[in-house]
Structure formats: C-alpha cells, structure tokens
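Chains as they are written, first to last, in the working numbering: chain A, 1 to 333; chain B, 334 to 666; chain C, 667 to 999.
Honestly, I wouldn't trust all of these hints.
[Said to hold, decoys possible] With a Cα cut of at most 27 Å, we get these calculated DSS-like pairs of lysine-lysine: (1) LYS647(B) x LYS742(C); (2) LYS550(B) x LYS335(B); (3) LYS980(C) x LYS2(A); (4) LYS553(B) x LYS335(B); (5) LYS550(B) x LYS499(B); (6) LYS217(A) x LYS2(A); (7) LYS409(B) x LYS742(C); (8) LYS742(C) x LYS832(C); (9) LYS314(A) x LYS409(B); (10) LYS314(A) x LYS335(B); (11) LYS166(A) x LYS220(A); (12) LYS668(C) x LYS647(B); (13) LYS76(A) x LYS742(C); (14) LYS553(B) x LYS499(B); (15) LYS980(C) x LYS76(A); (16) LYS409(B) x LYS76(A); (17) LYS886(C) x LYS668(C).
Simulated from the structure, these hints should not be mistaken for lab results.
Now for the letters of each chain:
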Amino acid sequence: MKNFNDLADLSVEEISALLRLATRLERVPEPRALQGKVLSLLFLSPSLRTLTSFQSAMAQLGGNSFVVSPEMSIHKLESRSGIVMDGAAAEHVREAVPVIASYGHAMGIRAFAERQSLEDDLADREFHELAALVDVPLINMESAINHPCQSLADWKTLDDLGVPGKGGRLVLSWVYHPRPLPFAVPASTLQMASMRGMDVVILRPPGFELPERIMNKARKAADLAGGSITETEDRREAVEGAHVIYAKSWSSVSQYENRPGDQELRRRFMNWCIDEPWFENARTDCRFMHCLPVRRGVEVTDQILDGPRSVVIKEARNRMVAQMAVLHRMLAG
Amino acid sequence: MKNFNDLADLSVEEISALLRLATRLERVPEPRALQGKVLSLLFLSPSLRTLTSFQSAMAQLGGNSFVVSPEMSIHKLESRSGIVMDGAAAEHVREAVPVIASYGHAMGIRAFAERQSLEDDLADREFHELAALVDVPLINMESAINHPCQSLADWKTLDDLGVPGKGGRLVLSWVYHPRPLPFAVPASTLQMASMRGMDVVILRPPGFELPERIMNKARKAADLAGGSITETEDRREAVEGAHVIYAKSWSSVSQYENRPGDQELRRRFMNWCIDEPWFENARTDCRFMHCLPVRRGVEVTDQILDGPRSVVIKEARNRMVAQMAVLHRMLAG
Amino acid sequence: MKNFNDLADLSVEEISALLRLATRLERVPEPRALQGKVLSLLFLSPSLRTLTSFQSAMAQLGGNSFVVSPEMSIHKLESRSGIVMDGAAAEHVREAVPVIASYGHAMGIRAFAERQSLEDDLADREFHELAALVDVPLINMESAINHPCQSLADWKTLDDLGVPGKGGRLVLSWVYHPRPLPFAVPASTLQMASMRGMDVVILRPPGFELPERIMNKARKAADLAGGSITETEDRREAVEGAHVIYAKSWSSVSQYENRPGDQELRRRFMNWCIDEPWFENARTDCRFMHCLPVRRGVEVTDQILDGPRSVVIKEARNRMVAQMAVLHRMLAG
Chain A
1 MKNFNDLADL SVEEISALLR LATRLERVPE PRALQGKVLS LLFLSPSLRT
51 LTSFQSAMAQ LGGNSFVVSP EMSIHKLESR SGIVMDGAAA EHVREAVPVI
101 ASYGHAMGIR AFAERQSLED DLADREFHEL AALVDVPLIN MESAINHPCQ
151 SLADWKTLDD LGVPGKGGRL VLSWVYHPRP LPFAVPASTL QMASMRGMDV
201 VILRPPGFEL PERIMNKARK AADLAGGSIT ETEDRREAVE GAHVIYAKSW
251 SSVSQYENRP GDQELRRRFM NWCIDEPWFE NARTDCRFMH CLPVRRGVEV
301 TDQILDGPRS VVIKEARNRM VAQMAVLHRM LAG
Chain B
334 MKNFNDLADL SVEEISALLR LATRLERVPE PRALQGKVLS LLFLSPSLRT
384 LTSFQSAMAQ LGGNSFVVSP EMSIHKLESR SGIVMDGAAA EHVREAVPVI
434 ASYGHAMGIR AFAERQSLED DLADREFHEL AALVDVPLIN MESAINHPCQ
484 SLADWKTLDD LGVPGKGGRL VLSWVYHPRP LPFAVPASTL QMASMRGMDV
534 VILRPPGFEL PERIMNKARK AADLAGGSIT ETEDRREAVE GAHVIYAKSW
584 SSVSQYENRP GDQELRRRFM NWCIDEPWFE NARTDCRFMH CLPVRRGVEV
634 TDQILDGPRS VVIKEARNRM VAQMAVLHRM LAG
Chain C
667 MKNFNDLADL SVEEISALLR LATRLERVPE PRALQGKVLS LLFLSPSLRT
717 LTSFQSAMAQ LGGNSFVVSP EMSIHKLESR SGIVMDGAAA EHVREAVPVI
767 ASYGHAMGIR AFAERQSLED DLADREFHEL AALVDVPLIN MESAINHPCQ
817 SLADWKTLDD LGVPGKGGRL VLSWVYHPRP LPFAVPASTL QMASMRGMDV
867 VILRPPGFEL PERIMNKARK AADLAGGSIT ETEDRREAVE GAHVIYAKSW
917 SSVSQYENRP GDQELRRRFM NWCIDEPWFE NARTDCRFMH CLPVRRGVEV
967 TDQILDGPRS VVIKEARNRM VAQMAVLHRM LAG
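Next up, chain A with everything else stripped away, as it sits in the complex (with noise of 0.2 Å):
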C-alpha cells in the first residue's frame, strides 16, 4: 500500500482484508513487526484523536513516529507560491514537507479546509499540493474534502456491531454546531457508507445540502455495491427502521466562503440537538455514531451520549485498530 488518501482509492475487497487485518492485529498482538520504523505526523491543524491514535498504533507494533504541530515553536509556515518571504514566515512547506518525509518511512498529514474557495476545497487543492512534496507512503489524517481513516474506523465498528452493509439503513444526520465545520467527514462518511452497499438517508435543514460533488461520487460507489442515498428534511421519514443515527454538523454550501452568512443561516436550526425523540421511528437497536469531538447538549443530548445507543468511545478506540491495519500494510515485513 503505496497511500491511504481516499477511501474511494480501495476496493470494498481491499477494504475488507484491511478490516481482517485490523481484527487480528487487535486480538493477536505484533509487538515487533515495525521495530525501527518511524511515522513522521505533520498536524496543519489541531488534533486530539488521531495525534494520539497515530502514535499509539506505531508504539503497538513496535515503532515510533514523531509529531510537528502548530502548537509548536517552529515559525509559522508559509505555502503560498512565488511569494517573497519577508514577513512572519520563516520556512516554507516546499522545505518543510520533504524535510520531515525524509525522517520517516511513511508520514501523516492533517491540513483542514482553507475554506478561501469551495471549488478549490473540493478539489482537495493544498492536500494535493502537500502531498506531492511527499515520497514515502502517506496517510491522509484529514484534508478539506476526506477523513479515510476515520471513516476506515467507522465501517469496522459497523462490522463489530453487526449492522448490514447491504440492507443496513445509516441516517447521517446534520446537527446544529455554533461553527460552520468542513464537509471532510460528512464526505467521508457518505463515501463509505455507499461503498458498503447501505441505504444512506441525509437528513438536513433547508440549505444545508451537501455539495453535488460529494453527492456524484458517493452515488457511483452506491450503485456500485447495490446500496441508495436519498435525502430528506423529515426526520421522522428518515429515520424509520435505522440502524444508525451518524450525527455531524456541516456548512452551507451556499455561504461556505461567508462565515457570518453560514452562521445566520445555522442559527435558525438550534434544535437540530439529537435526543431520545429522534430515534422514536427507527429500530428499537438503532445506535448513535459520532466523530468527536462533540458538543454536549448543542449536537446531542447527555441522555444519548451516556446511554445504551452511543458507540462514539468504540468508533474512537477503532480509529487505533484501523490505522495499525493501514500502517502494518504499508510498513510491515
């Protein structure tokens, strides 16, 4: 495995044999199989989950990785090109990236959404740019437009849950956020669940589409794997028979570029919290997924986070699982 940029790079075959992976890995410890190797993680943006689940996974399998993040006291880098470097930058990632690739045998990289342009997010324009400057094995640790390993993880906690791929109903639902977030994991999240041949509803308020982009690619792949995508405002329609409610909060496409206008928008739908009612019409199982972080009683009430339904803290712990499977595969042997 040269990358693990994109879901949607892997067959649903390839896919499994990686979750095979996964599972043994988990229950069958290799504490030697990457002794002497080393995971370069280069953080653009923050990161809690993936930081440390990253780490943890190279440590499990007897490796290392190293860690640049913006908290650090390197001087801000600069990315724009042609630019005369006179201000507050001191290095540019055109140095940056390839020096810290050369420190490892594969590397990591997180850059958010610019949101300085939609059609340049969706193309996932600086993820691009950024990795051409990488010649080891990289991992996408979440880019404007895609979160593989995150949603890597989801479909393995699918499988341990036993929901179906096809015939198994997964409602990703749009919930009130006080900040416009990227498309990365609602993108990600549709991407895979289509690939899995699931029936897919998007529940979302009146302008919170997701981008026809996002919308076509997600299609094929449900076409594909005999599953369907359907979207609808109705929560009760939406949820009738789910397995699973996937809640996350997105931006409006239409003021994506606009901060002000997206949260005057968003405003209007405060009571888009997920709670005990939402999941009257779907089956009496049906479970609660989430990325985290998550915003306690905004997106989802306590009631649901500390009950029966939730399995955010599984998804999160798959997250390591997962990522070992992408790094033993890239790595190992």
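Position chains B and C relative to chain A; hints supplied.
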C-alpha cells in the same frame, strides 16, 4: 497491580517489594519487558519531571508513551456535568478521557487542585471523577491531595541514604513561596514517612497547620508502623536530631478558597527560607529534600541546594526508577 | 565518544570513521542497536529539523527520546546565578538540567546566542555553563557559536556529491535576511570546510566580516589540512571555479549587541539574494547549500531552490543520518 493512586492503598511489604524491583531494574535493565506496551499520559496541569520521567521509564523498559497536555492545540476540555457546550470548550472529559485511555495499556492522569472547595479537594473529587472514566490500570500523577509517585521515589531516596524507618527523624518544614500551593506533596510526604515508621515533625508557622483529614490518615499509619507525628512552630525544637529536612510550601486551610487572604497571611513568613543555621540542631549529616521545582533564595538558599546536604537531584532521578517498577508491575508479563 | 560539542574536538580521521558508520547505518539499518536507550532533548530555543531528526535517529536505532521545549507549559527556566527567584520563573536550570539529564543515557541541548555580549557568545558561555551541569554524554544541538550536527551532515553531503576536500572550492556567502542571525552556522561551516582541506572563500558585504576568533580557529584547521581561507566582497571573483555556494545570513560584528544598528546596516544589502547569475563564474555543476530554514525570494530565489543546483533537502536528510552515527558511537554496545 490494577491502580497506583495512593501509597496508602499498599502495605509496607508491597512497597518494599516495589522498591526492590526498582533497584533491580536500575541495576539490570530490561529493555524488552514492555515491548509493544503503551502508556497514555494526560496532563490537565503542567509538568516537567513527571512528564519526562514517565516517558523515560516506559522507554527504558522497551515500551512507549504518548502525551496529552494543556499546551496542545486541542480545544479546552469541559469537565462540568450537564452543561450545554456552546462556549469555547469543544470536548468534554467524558469523551476525551475514555478515548485516550482506550489507546494505551495503562494511563497516567495529572489534575491539580481546583481550589474551588477545600472539602472537594480533600476528597480528591476531580481525580476520582476522572478515574471513574478509565478502565485500564491508572496512575495518579498528582491530584489535589496526593502524589504517590513522588512519595514512592522519596521512600527509595531515604532507603538509598540509609535513613532508618523506625527511629528515623524527618522534619516536614513549611517554607515561603509567593503563591499558595496545594496539599498534595505535604500530605503524601507525611503519609510516606508515617508508613515508614519515622518520627515526623511538622514545622509550620501559625495558620499553616495541615488539614485534620490529612493528619488523621497519617496518624493511623504512624500508629500501625510505630512512628509518631508532632507539630511545632519552633524551628530549633523541630530539627533536633533530624535525619532530613523536607521543605515544601502549602496553603493556609482557613484561606484555602481565598487567594488574597492566603497571600496576606503568608507574606508575614517570608523569612521561612531554609539556610544553614536551620540545621544547627540537627544531625551533622542531616539532608535537605524537596520535590522540585524549587525557588532559589525564596524557599531555600543556593548554599544548601548546591551543598552536600541537598539530595534533590537524587530524589528526582528516583522518580523515574520508582515509576519503572510501578509500570513493570502493571504491564509486564 | 563522551561528547559531541564541536567538530574541532575530532580529528579528520575520527570524522571519516563517523561518516562511514553513518553510511553503513543508512544502508543496513540496526533497529535493535539502542533498545532501551533514551536520549533527552532540551530545547531552550525553537527547532524543527533538529527536534525531529534526533527523534527519528533514536527511533530508527530502536531507542527512544523525550523532548523538553520552550512551548511546553513548564514555567520559564531561570539561568542567572545568585538570583532570588520571586518572579515568573519557577525553576532554575541548575535543577532542571541535571534532572532531565538523569532521565536519559545521553542528552542534547540547544541554546541560541543570547546576544547580550559578543564576547560571551564567542566563548559559548551559556552552553558551557549548561554543559557543566550534565554528567551523561552530551550533544550540542546548536549553541551561540557552534552547530556541529549541521556541519557533520554537510561534510557527508559534500562527500555524497563527490566534492573533493583538497582542491574543493566552497563559497560561504552572506545573504540578506530581515533579522540579524547568530554566528553558529557560518562558524561551523567555515570550520568544517577548513578541516576538510577545502579552499574557502567568505563572500560578504562590508561590515559583515566574521569575528577574528572564528577566523583564527578555522585558519589553524585550514593550515593543518592544506586548505585556504580568503575573504572578498566581489561576487564574480568569489565564485570562480566554485563547487558549492553555501548561503547563510549572519550579524554584523560591530552591531552585534545593537539590533536596530544591525538592521540599518543590513538593509543596504537586500540585493544579496542568490539567483542564477551568481553562478555564472562557478563550475557548471556548482551546488547550492543552505542549512534551512530559508526565506524564499529573500535569501535565494525559487528558481535556485527548486532547480538542480539545490541540495538543501539532501543536507537536511543527512542531519538524521549523521546523528544516527553519533548516537550509535555514544550509546551502542
């Protein structure tokens, strides 16, 4: 060993066995003992010695660790119950703690006293709330009222120096510090010396008595081990025949929730800075101990710190050695 | 090898042996060589390459490391002698340094020039004071006047490129930078090239001569190795027949303790930005070297950095490889 949260949870025999293991690991390294094992380290309060000594202890045993600390660019963690999280904090400890715990085979947590309520801090309420979220072996890396790693290391330092348990005389001396400091180290030191069967003299100015709850717990240990605890404001009397002066500043009980009140009270005792004349009445080889960090010229003079009485570097080094034993007992084999 | 504080402490034969070891470790990994060994890394000044390349070097040899750096939430360290610590600093380097050292089998320290006194900085006073507190093998990770890790890596890069020692021609060229930078890299580079027996030309505008103390030390090395050192302001003359232009900005000796004075002086030489015409008179395969970080469009043009002359990424990668050899020599077996 499931947890290491309080020295008082262990018998004197168990502590002796731990310290024999520490001494063995110091002499005969076991660089493969914890291969593939990971320790998660969560710091909700700053740290230098604890942070680095735990990382080194795991590494010397062939394991690894990762750190989550307040300076990281993660969003501030919320810890209040039932809160609507529409402010700055983007994640609640109810998610963050179990997730971080799930990435390691054991976990260390540091959370200083919150100083909102003396009663809560004496009950170590915050630490117990966090501990309840962890389902792997847990290490108290200093809580509101406890610092068992420091005390285990200090026990070893006293052993290394040949200071006897029964018949050994330790003066726990309050010293001036510009800020009101928590009870964790004085409480743990008092408990440790009492469990060792030492004759402990608490030397402190009026208004700086230790809380009764701490005193009572230590008295029970002293009774069991055949030692004694006395209190005095009289320096000459206190250090008579002492093997060790252990210096530490702490808060006034009566002003615990009132920082300006405490500072007004302590300002009268700026002359409580340990220098050579303090040792006049002690054994000629009387040692100076301190958990560090120490303010030179404020808590103790340069002459003492740089002279032959001081064993503060040895104490700090024993942090790592003692913690190796705790980790080996928790995670090896 | 007890310490690695100055390339000048080693003979040319010792350096050659180190570089042979580096090349061997690059080709034939030894992922168990430093199992259970720990390197402590203390940064009193910021770092990217040094921080990450040392972590990676230890990990690739099966060892581990921990980092103490200025962005950590430890209280500011005091370094003055005889001070009453009643201010912000809660710990003195006289405690912090030996404690950190005691947690590792070797230690690296970075402490940039303080620029309070040219004489003190040329004598590397702060580094020597810190080094005196360390009783394990020590590595200078850049001090006021020395950067031996960079120079060892650069020596290897020159070897890798087939640039000869005797008969090799290296131009150490001052370039513009908005801030006055220390002498560590130019001094170390000059020393390295002189020890290699190269013909070194120092190209710099008037007012930016290197300090006599640095020049004299290098001249001795050049005499011993059969090389030469010349100085000029004439770019055409300087680069005649050059194998390498090594670019670096540095301070004015006369304005060293006077930042505004230095900036007024340097502002006249903003055109000292290396571009293709600088190479007109050099060998056609003349290389461009720089220790990084580099300001694009200020110190050197994009065209040079992105073109075939630049070996800056190779230099940075050789940091890790050279440091593996130093660590192996210090800690293995």
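Going through the hints against the structure:
no.: 1; hint: LYS647(B) x LYS742(C); result: holds (23 Å)
no.: 2; hint: LYS550(B) x LYS335(B); result: holds (22 Å)
no.: 3; hint: LYS980(C) x LYS2(A); result: holds (22 Å)
no.: 4; hint: LYS553(B) x LYS335(B); result: holds (24 Å)
no.: 5; hint: LYS550(B) x LYS499(B); result: holds (19 Å)
no.: 6; hint: LYS217(A) x LYS2(A); result: holds (22 Å)
no.: 7; hint: LYS409(B) x LYS742(C); result: holds (22 Å)
no.: 8; hint: LYS742(C) x LYS832(C); result: violated (47 Å)
no.: 9; hint: LYS314(A) x LYS409(B); result: holds (22 Å)
no.: 10; hint: LYS314(A) x LYS335(B); result: holds (22 Å)
no.: 11; hint: LYS166(A) x LYS220(A); result: holds (15 Å)
no.: 12; hint: LYS668(C) x LYS647(B); result: holds (22 Å)
no.: 13; hint: LYS76(A) x LYS742(C); result: holds (22 Å)
no.: 14; hint: LYS553(B) x LYS499(B); result: holds (15 Å)
no.: 15; hint: LYS980(C) x LYS76(A); result: holds (23 Å)
no.: 16; hint: LYS409(B) x LYS76(A); result: holds (22 Å)
no.: 17; hint: LYS886(C) x LYS668(C); result: holds (24 Å)
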